[in-house]
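We have chain A already, so just place chain B on it with the hints.
Those protein sequences? They're chains A and B, same order as listed. Counting in our numbering, the first sequence runs from 50 upward without gaps. Counting in our numbering, the second sequence runs from 11 upward without gaps.
Certain hints may be false.
To be verified - For lysine-lysine, the following DSSO-like pairs were computed, each having C-alpha atoms within a straight-line distance of at most 27 Å:
#1 A:K175 to A:K240
#2 A:K281 to B:K16
#3 B:K61 to A:K396
#4 B:K23 to A:K356
#5 A:K429 to B:K16
#6 A:K461 to A:K390
#7 B:K16 to A:K390
#8 B:K23 to A:K175
#9 B:K16 to A:K461
#10 A:K159 to B:K61
#11 A:K222 to A:K429
#12 A:K175 to A:K319
#13 A:K396 to B:K23
These are calculated hints, taken from the structure and not from any lab test.
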Amino acid sequence: MSDSARATPDAAAPEMPDHPPVTDWIHDFDHTDPRWTEDPFPIWDQLRAASPVVHTDRFLGCYLPTTYESVRQIANDTEHFSSRRVIVRDVRPEITNTAPPITSDPPDHKPAKQLLLPPFTPDAMKKLEPRVRAICNELIDEFIGDGKCDAAARYTKHVPVRAIAHMLGIPEKDGDLFIKWIHEILELGIKDEASLMRAVHEMAGYFAIHINQRKQQRTDDLISTLMDARDKNGEPFSDMHVLGSLRLLLIAGIDTTWSAIGSSLWHLAKTPADRERLLAEPELMPSAVEELLRAYSPVTMAREVMKDTVISGCPVKAGNMVLLSFPAANRDPAMFPDADKVVLDRKENRHAAFGLGIHRCVGSNLARMEMTVAIEEWLKRIPDFRLDPAGQVKWSEGTVRGPRQLPLLFGKAG
Amino acid sequence: MGGRLKIHVDQEKCQGHARCKALAPELFELDEFGNAHEIGDGSVPAGLEDKAWLAQSNCPELAIEVVEE
Numbered sequence: 050m051s052d053s054a055r056a057t058p059d060a061a062a063p064e065m066p067d068h069p070p071v072t073d074w075i076h077d078f079d080h081t082d083p084r085w086t087e088d089p090f091p092i093w094d095q096l097r098a099a100s101p102v103v104h105t106d107r108f109l110g111c112y113l114p115t116t117y118e119s120v121r122q123i124a125n126d127t128e129h130f131s132s133r134r135v136i137v138r139d140v141r142p143e144i145t146n147t148a149p150p151i152t153s154d155p156p157d158h159k160p161a162k163q164l165l166l167p168p169f170t171p172d173a174m175k176k177l178e179p180r181v182r183a184i185c186n187e188l189i190d191e192f193i194g195d196g197k198c199d200a201a202a203r204y205t206k207h208v209p210v211r212a213i214a215h216m217l218g219i220p221e222k223d224g225d226l227f228i229k230w231i232h233e234i235l236e237l238g239i240k241d242e243a244s245l246m247r248a249v250h251e252m253a254g255y256f257a258i259h260i261n262q263r264k265q266q267r268t269d270d271l272i273s274t275l276m277d278a279r280d281k282n283g284e285p286f287s288d289m290h291v292l293g294s295l296r297l298l299l300i301a302g303i304d305t306t307w308s309a310i311g312s313s314l315w316h317l318a319k320t321p322a323d324r325e326r327l328l329a330e331p332e333l334m335p336s337a338v339e340e341l342l343r344a345y346s347p348v349t350m351a352r353e354v355m356k357d358t359v360i361s362g363c364p365v366k367a368g369n370m371v372l373l374s375f376p377a378a379n380r381d382p383a384m385f386p387d388a389d390k391v392v393l394d395r396k397e398n399r400h401a402a403f404g405l406g407i408h409r410c411v412g413s414n415l416a417r418m419e420m421t422v423a424i425e426e427w428l429k430r431i432p433d434f435r436l437d438p439a440g441q442v443k444w445s446e447g448t449v450r451g452p453r454q455l456p457l458l459f460g461k462a463g
Numbered sequence: 011m012g013g014r015l016k017i018h019v020d021q022e023k024c025q026g027h028a029r030c031k032a033l034a035p036e037l038f039e040l041d042e043f044g045n046a047h048e049i050g051d052g053s054v055p056a057g058l059e060d061k062a063w064l065a066q067s068n069c070p071e072l073a074i075e076v077v078e079e
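In isolation and in its complexed conformation, chain A is listed as follows (with noise of 0.2 Å):
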């Protein structure tokens, strides 16, 4: 580890407010709240039978929009709402550690993306396709003779670790550090800043060593594409801006792709008939594969509101901030009918999983390629599975949503 990824952070954690359970979701409600954590969904109902846009006093006062329409009219208003913070937590620090162009605003956010757009095309993943397979493979050659595992422990979690460690041109066993720091950063970084700035402080240590490497030797991998590339005027971009941009890589990349390969699992695990399907007909995995990101979308992003406003009819009022929950906007039965019912083959699936307007995921076809080969070859190897009744599903808190504890058992039940 360099210096810099020793050294203590500089503000001292500030005190954290008490989190007391909720009492009064409509006018009161709490991301962070257990039974928000274990099944948000008819929370969601709530609030959106409510208002199409509530407010908490919580996280120094933070509005959710509830519906399809709410969430597209706030994504797609760059003027009154930035993207300078895009984490809802117990504090406002100073903006700093950007991770571009996630966190930034027109007209600084078209040429950082334009930066990482090429290496992630439809036609870049098919070329690391057969990586994926493999690294799933040898993933479940490792725990299918148990009969069963924890396939968020095993499996779920592995599969982007590996697969952006491989297209970053790193150490692919680095990947439990990655895991750690994520952890730390959206978890633990909600009400706990000290945790928070040290994985931050980490991970820029061993990025800069990475990039000092590659200053002496260029690598084939998507640090040194960064490295390389020129911004409108011809200039490389700043060892400050690739830095960022790997941050955001790391944290956006992984946990999030893991939520997504667990919830299908844990669908598929709960739901016989869905499973057997997909199983009598593949062809149906691109629509499944969509149907599943809408219904159980990990990712909620956050906006900082900036002026006021008015959205869906409701005030909105500049110092708050803004949970821009995807997953709720995509369980909204105005936009999806049978919202709260998984259907492979839906037609018309314009969800918002990988969010609406200018910040739209840049990994999406990543994670999608991802989510169909891990699916794939986990039918392929194990057809049948179930939830274990012996052990506990345990879900992410915070703004990724995903099973981090998914015991399954193999084989057919009796």
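Same frame as chain A, now just chain B:
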């Protein structure tokens, strides 16, 4: 059936979700940034009309126009 269909991707709205390309690869192509464009002048060959409507109804950004000529 009406006349022949013509499609157009609005470049101001397209954000590169690439759903159209996945559903109707005969009708759409992607540029280096992954944003979608109609192939040729957007005329939909006979037999691909359903795919044109399917692509349109799955675009999250409402970026695809389908018109009957």
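Pairwise hint evaluation, B:K16 against A:K429, where the allowed Cα distance is 27 Å at most | Violated: A:K429 and B:K16 sit about 41 Å apart, past 27 Å.
Within a Cα-Cα threshold of 27 Å, do B:K23 and A:K175 meet the stated pairing?
-> 26 Å, holds
Holds or violated: B:K16 to A:K461, with C-alpha atoms at most 27 Å apart | Given pair B:K16, A:K461 is violated - Cα atoms ~50 Å apart, limit 27 Å.
Are the Cα atoms of B:K61 and A:K396 separated by 27 Å or less?
-> 11 Å, holds
Given pair status - A:K429, A:K222, alpha carbons within 27 Å = 26 Å, holds
Proposed proximity, A:K240 with A:K175 (alpha carbon, max 27 Å) = 39 Å, violated
Given the hint that A:K175 pairs with A:K319, test it: the Cα-Cα distance must not exceed 27 Å.
-> Since the Cα atoms of A:K175 and A:K319 sit roughly 31 Å apart, the hinted pair is violated (cutoff 27 Å).
Measure nothing beyond the straight line between the CA atoms of A:K396 and B:K23; if it is 27 Å or shorter, mark the hint as holding.
-> Since the Cα atoms of A:K396 and B:K23 sit roughly 22 Å apart, the hinted pair holds (cutoff 27 Å).
Would you check the hint for B:K16 and A:K390, treating anything up to 27 Å between C-alpha atoms as holding?
-> 34 Å, violated
Are B:K23 and A:K356 close enough, with their CA atoms no more than 27 Å apart?
-> 24 Å, holds
Is it true that the CA of A:K159 sits at most 27 Å from the CA of B:K61?
-> Outside the cut-off at roughly 31 Å; violated.
Quickly compare the C-alpha distance for A:K461 and A:K390 to 27 Å and report which way the hint goes.
-> 24 Å, holds
Of the hints listed earlier, those the structure fails to meet are numbers 1, 2, 5, 7, 9, 10 and 12, in rising order.
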